[in-house]
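Chains as they are written, first to last, in our numbering: chain X, 1 to 476; chain G, 1 to 483; chain U, 1 to 95.
These are calculated hints, taken from the structure and not from any lab test.
There's no promise every hint is true.
Derived SDA-like pairs (lysine to any residue); straight-line CA-CA distance at most 20 Å [as the list claims (entries may be wrong)]: (1) LYS59(G) <-> SER36(G); (2) LYS85(U) <-> ASP137(X); (3) LYS66(U) <-> SER35(X); (4) LYS412(G) <-> GLU24(G); (5) LYS45(U) <-> LYS233(G); (6) LYS233(G) <-> MET58(U); (7) LYS85(G) <-> GLU74(U); (8) LYS334(G) <-> ASP133(X); (9) LYS171(X) <-> ASP268(X); (10) LYS334(G) <-> TYR138(X); (11) LYS85(U) <-> SER35(X); (12) LYS214(X) <-> GLN187(X); (13) LYS79(X) <-> LYS85(U); (14) LYS18(X) <-> LYS233(G); (15) LYS85(G) <-> LYS82(U); (16) LYS53(X) <-> GLN28(X).
Here are the in silico distance ranges between beta carbons for each label pair [stated by the list, open to error]: (17) MET470(G) <-> SER26(U): 47 to 53 Å; (18) SER283(X) <-> LYS29(U): 49 to 55 Å; (19) ASN32(U) <-> ASN95(G): 51 to 57 Å; (20) SER75(U) <-> MET287(G): 50 to 56 Å.
Beyond 12 Å from chain X on every Cβ pair, some chain U residues (computed) [said to hold, decoys possible]: (21) SER36; (22) GLU39; (23) GLN40; (24) GLU43; (25) ILE44; (26) ILE49; (27) ASP71; (28) GLN72; (29) THR83; (30) LYS85.
As the structure is a computational prediction, the values presented were derived from the model and not from experiment.
Beta carbons are placed, not taken as given, at the ideal position from N, Cα and C, and that holds for glycine.
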Amino acid sequence: MQWETVIGLEIHAQLSTKSKIFSSASTQFGAKPNSQACAVDLGLPGVLPVLNKEAVNKAIKFGLAVNAHINQRNVFDRKNYFYPDLPKGYQISQLDWPIVGEGEIDIVVGENTKTIGVTRAHLEEDAGKSIHDLYDDYTAVDLNRAGTPLLEIVSEPDMRSAKEAVAYAKKIHALVQYIGICDGNMQEGSFRCDANVSIRPMGQEKLGTRAELKNINSFKFLEKAINLEVERQQDILEDGGEVVQETRLYDAVKHETRSMRSKEEANDYRYFPDPDLLPVEISNELLASIKADLPELPVEKKARFIAELGLNEYDADVLTSQKSLADYFETMLIGNESNAKLCANWVMGELSALLNKNQIEIQDSPVSAQELSLLIQRIGDDTISGKIAKDVFKAMWDGEGSADQIIDAKGLKQMTDTGAIEAIVDEIIANNAPQVEQFKSGNEKILGFFVGQAMKATQGKANPKLLNEMLRSKLT
Amino acid sequence: MSIHNKTIAQLSKGLNSGEFSSVELTQHYLDRINSSQLNAFITVTDELAMEQARSADDKIAKGNANILTGIPYAHKDIFCTNGIKTSAGSKMLDNFISPYDATVSHKLNQAELVMLGKANMDEFAMGSSNENSYYGDVKNPWNINKIPGGSSGGSAAAVAGRLAPFATGTDTGGSIRQPSSLCGITGLKPTYGRISRYGMIAYASSLDQAGPMTQTAEDAALVLNVMAGFDEKDSTSAERDVEDYTASLNDSIKGLTIGLPKEFFSEGLDDEVASQVMAAVKEFESMGASVKEVSLPNSAYAIPTYYIVAPCECSSNLSRLDGVRYGYRCDDPKDLEDLYLRSRSEGFGEEVKRRIMIGAYALSAGYYDAYYLKAQKTRHLISEDFKKAFKDVDVIMGPVSPTTAFDLGSVKDPVSMYLADIYTLSANLAGLPGMSIPAGFAQNLPVGLQLIGNYWSESKLLNIAHQFQMQTNWHTKVPQGSE
Amino acid sequence: MSLSEEQVGQIAYLARLSLSDEELQSNTKDLNSILSLAEQLAEIKTDDITPMAHPLHMTQRLREDKVTEKDQSESFQAIAPKTGKRHYLVPTVIE
């Protein structure tokens with residue numbers, strides 16, 4: 001049977017505020033255990049929550065960026081359940097009146113652009129961390145993370161493959177960094193994905209029973225976990241079995257998903273409006289001012305790269321796929337305004353290759369955007385050729401200095417002295433009579449031979465354009 | 001007059017004129033507490049009290065004192081006090097030494113008051129008789145076989161028994177007014193949001209409100225001046241300036257319109273209580289007030305409404321008591337489940353468990369609409385009734401409690417116990433301020449008159465109560481043995 | 001509508017309370033009498049009434065995003081039932 005995969009994602013993005021959503025404790029990652037869990041975060045008897053303005057503003061930013069309806073009156077609810085890393089015995093979240101309503105975002109998979117619906121996004125508090133391997137007989141609880149603001153972004157079940165799910169997750173990941181609401185650090189858990197996966201016979205409208213995959217901390221694992229789950233469900237259904245609605249934990253080491261033992265079974269969250277918090281009202285003025293302050297969105301940037309810089313769709317899409325990449329590219333453009341395509345090629349070519357090879361993020365590149373920009377300027381002003389530039393770049397990567405220092409030190413400056421080039425050209429023509437004849441009898445390809453000889457004689461430093469012109473005029 | 005029969009206003013004069021020192025005064029109360037049989041305190045903080053008294057005397061000597069400097073008080077054990085056990089009357093928090101101060105505690109410290117100790121109370125403020133305390137029943141100073149009322153029973157008994165010039169209380173469904181009434185003292189529950197709830201251990205967050213319990217309305221005004229005020233740590237606290245609540249105490253109440261809700265004089269009200277209440281109303285008429293009948297038709301539903309809303313909130317509020325970060329943990333839990341189940345079952349008392357279960361059920365899938373949502377809608381109707389009534393009248397009066405204090409141990413069935421709150425719950429559901437003032441005796445036990453005012457009308461209520469106390473002497477009566 | 005002992009047991013578990021047989025019996029009786037009290041509410045027409053979650057018609061005040069809390073873990077953990085290596089400890093949780 002032909003099966004269709006249906007995927008919806010729940011993304012938890014930690015909002016990059018200084019203090020927690022309901023307390024004035026720090027949200028900094030990596031502090032000593034429990035040193036950032038204040039009385040409110042610990043849920044001491046008598047403490048009360050007070051909402052962080054910045055968390056609200058950041059949620060609104062996201063809503064505006066996905067063209068969503070902002071609920072100008074939204075309400076916090078309590079989600080009740082017991083767990084050691086949930087200090088109050090309830091999580092403050094939003095159920096019926098989330099801050100962000102329906103929105104949408106476009107993804108590109110292969111040749112196709114597809115619109116994915118965002119069902120809602122709501123504010124909530126993160127839980128602490130349970131550490132199971134610190135003691136043999138105990139689970140250790142660190143509540144530093146408790147109360148960190150989260151935006152839970154829920155998608156429609158609009159994705160039909162693991163690839164689409166990854167493309168969507170990456171789009172949201174890029175977006176939250178663009179608009180400065182989340183640092184996107186997946187290793188530290190700032191950006192987490194849960195996937196709801198089901199399959200159904202191709203053509204059937206009714207959704208199949210879904211499983212929720214949790215504990216996925218990279219895009220690579222997201223793709224693997226979904227594919228694994230799709231296979232598992234197919235096997236079950238093709239054997240005549242039934243898929244159970246459950247939460248499954250992805251284990252990246254064993255590359256398997258396993259059912260989370262009965263945890264969900266008895267859960268009845270008993271949501272009700274949190275009586276310690278009042279309804280949040282968002283004024284038209286606040287909405288307008290956040291809208292006005294919103295930075296250029298990836299989709300807008302992409303359109304601008306195409307229209308103003310003349311980049312093609314593919315290049316523009318790649319360059320805007322991550323904020324850090326776009327930032328790098330735009331910094332490089334300064335001084336290279338008329339060479340946007342060349343800059344794009346360098347970022348996506350030489351630079352990306354070395355970054356990938358060394359597994360370095362672009363923001364940590366040993367060659368900064370300013371430094372690379374200067375190198376491109378030297379190509380642009382004919383100081384060096386593109387070919388020589390590649391050598392210079394490698395030297396820059398190895399820390400041998402700036403582009404100009406390396407060009408000077410290695411004497412790589414292009415020969416633009418017509419007289420000197422002419423002398424060399426004359427000598428080569430004089431020494432290679434048979435090849436001259438071939439050219440004259442119409443073998444255009446033989447020109448390459450002369451260029452090669454000239455480059456050899458000048459250690460590649462002859463200005464190629466000048467050389468070509470001179471050879472042509474002398475040979476004809 | 002014995003020193004302990006003096007009001008705060010009188011004690012303040014005595015302290016500032018050098019008639020007695022705060023150390024002497026504090027020692028006097030500590031001695032009385034130590035020889036008292038009322039069980040009004042869970043913790044007596046004698047050392048701290050003496051230290052605060054000495055520091056107050058210092059201030060007075062230097063002429064830096066304010067009006068309440070050096071006045072002792074009993075603090076309901078629901079307010080967190082830094083470094084001092086804060087139990088909320090529960091085994092669950094028997095070992096809880098609060099690492100922080102409630103905003104109210106902080107304000108009372110700032111005002112240089114002297115804390116004598118933490119007053120006994122029904123566990124987590126759930127109860128109308130103070131028989132639900134882990135620390136034992138509190139006894140009514142007027143008759144030690146009777147209940148003092150609850151949940152601020154220790155506070156009421158302490159003031160009536162002259163163990164403290166005043167006490168703090170909290171009122172979720174009548175917990176200031178009902179014990180004040182049954183013990184013959186003055187108690188004020190302000191408008192919801194007037195006093196910060198930060199650090200006040202939550203029972204039902206949308207209903208809880210702190211207030212003063214005193215001998216007189218004038219004293220209540222003095223204490224409210226200190227307790228009230230906006231607190232940025234409490235999202236539900238009102239951003240409103242604090243008035244000087246003593247400023248209008250002496251205003252005339254001529255022309256005052258009193259509303260008497262017919263529903264407050266219905267079946268179940270003790271005849272003698274009713275006649276004391278009506279006598280008090282007559283007294284107001286003689287002072288130039290007029291009386292009008294009003295109707296609060298939905299107040300008949302206050303009991304079911306309250307006993308859904310409050311348990312729902314408490315079932316969630318008390319989830320944090322899980323034996324993980326503070327409070328009671330059972331011995332040798334075999335696994336996490338066991339830790340939760342035993343710590344909570346062993347740590348909570350009967351009534352608390354009952355309300356937690358009612359709340360858990362009323363909020364659970366499939367029942368939310370029928371119970372919680374329905375109760376929130378009825379709550380709206382109850383509050384609308386008051387809105388209508390206050391278009392015609394300045395204050396609503398009636399009984400606080402349908403009976404005088406009953407015998408300890410006599411009411412065993414929870415629903416019968418809940419009926420004791422019938423006249424007090426509506427004000428909490430609507431968020432309105434209410435008072436209980438001494439209005440006579442029935443069966444040799446005090447009867448309180450309830451005043452319910454419009455939102456933020458604390459000054460008006462205190463003015464009305466003060467004027468009554470200028471004409472009557474019920475508030476000066478002292479239980480035998482406490483003179 | 002009346003709750004069975006089994007249902008009361010489930011409710012108790014939801015609230016992480018365990019009841020002895022005797023307690024289960026008495027609580028079933030009490031809960032049922034309290035709920036029958038609550039059933040009076042069914043008499044009231046509330047179709048067009050908005051639920052009232054708060055007594056005051058105020059909206060949420062927002063806090064500035066500032067860190068003002070200092071590390072007080074020592075005093076907080078001094079009152080904890082069991083701690084180790086700066087953590088709160090509970091019996092091992094199997095995920």
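Results of checking the hints against the structure:
1. Taking the CA atoms of LYS59(G) and SER36(G), the gap is about 30 Å. The hint is violated against a cut of 20 Å.
2. Between LYS85(U) and ASP137(X) the CA atoms are separated by roughly 14 Å; this keeps the pair inside 20 Å, and the hint holds.
3. Between LYS66(U) and SER35(X), the direct Cα distance comes to roughly 17 Å. Compliance with the 20 Å bound is thereby established for this hinted pair.
4. Restraint check for LYS412(G) and GLU24(G): the C-alpha separation of about 43 Å exceeds 20 Å, so the hint is violated.
5. Taken as a hint, the LYS45(U) and LYS233(G) pair is broken in the structure, with Cα atoms around 38 Å apart against an allowance of 20 Å.
6. Note on LYS233(G) and MET58(U): the hinted pairing holds, with a Cα-Cα distance of about 16 Å set against a maximum of 20 Å.
7. As the CA atoms of LYS85(G) and GLU74(U) are separated by approximately 18 Å, the hinted pair is consistent with the 20 Å bound.
8. Taken as a hint, the LYS334(G) and ASP133(X) pair is honoured in the structure, with Cα atoms around 18 Å apart against an allowance of 20 Å.
9. Proximity of LYS171(X) to ASP268(X) is assessed by CA-CA distance (about 33 Å); at most 20 Å being required, the pair is judged violated.
10. For the hint linking LYS334(G) to TYR138(X), the alpha-carbon distance of about 11 Å falls within 20 Å, and the restraint holds.
11. Note on LYS85(U) and SER35(X): the hinted pairing holds, with a Cα-Cα distance of about 12 Å set against a maximum of 20 Å.
12. Our distance criterion of 20 Å between C-alpha atoms is met by LYS214(X) and GLN187(X), whose separation comes to about 15 Å.
13. Distance check on the hinted pair: LYS79(X) and LYS85(U) sit about 30 Å apart at the alpha-carbon level, beyond 20 Å; violated.
14. At most 20 Å may separate the alpha-carbon atoms for a hinted pair to count; LYS18(X) and LYS233(G) meet this at roughly 18 Å.
15. About 19 Å separates the Cα atoms of LYS85(G) and LYS82(U), which keeps this hinted pair within 20 Å; it holds.
16. With a CA separation close to 18 Å, the supplied pair LYS53(X) and GLN28(X) stays within the 20 Å bound.
17. Checked against the hint of 47 to 53 Å, the C-beta distance between MET470(G) and SER26(U) comes to roughly 50 Å, which is consistent with it.
18. As the Cβ distance of SER283(X) to LYS29(U) is approximately 52 Å, the hint placing it in 49 to 55 Å holds.
19. As the Cβ distance of ASN32(U) to ASN95(G) is approximately 35 Å, the hint placing it in 51 to 57 Å is violated.
20. Between SER75(U) and MET287(G) the Cβ separation comes to about 54 Å, which falls inside the hinted range of 50 to 56 Å.
21. Remark: the non-interface label on SER36(U) is consistent with the geometry, its nearest Cβ contact in chain X lying 22 Å away (cut-off 12 Å).
22. With a closest Cβ-Cβ approach of about 20 Å to chain X, GLU39(U) is found to remain outside the 12 Å limit, as its non-interface label requires.
23. Non-interface status of GLN40(U) relative to chain X is upheld: no Cβ of that chain comes within 12 Å, the nearest being about 21 Å off.
24. Non-interface status of GLU43(U) relative to chain X is upheld: no Cβ of that chain comes within 12 Å, the nearest being about 23 Å off.
25. A cut-off of 12 Å between C-beta atoms confirms that ILE44(U) is not in contact with chain X; the least separation is 20 Å.
26. No Cβ of chain X approaches the Cβ of ILE49(U) within 12 Å, the least distance being about 16 Å, so the stated non-interface status holds.
27. Some Cβ of chain X comes within 12 Å of the Cβ of ASP71(U); the nearest lies about 4 Å off, and the non-interface call is violated.
28. Non-interface call for GLN72(U) relative to chain X: violated, since the shortest CB-CB distance, roughly 7 Å, does not exceed 12 Å.
29. A beta-carbon of chain X is positioned within 12 Å of the beta-carbon of THR83(U); the least distance is around 9 Å.
30. A Cβ of chain X approaches the Cβ of LYS85(U) within 12 Å, the least distance being about 6 Å, so the stated non-interface status is violated.
The structure shown violates the earlier hints numbered 1, 4, 5, 9, 13, 19, 27, 28, 29 and 30.
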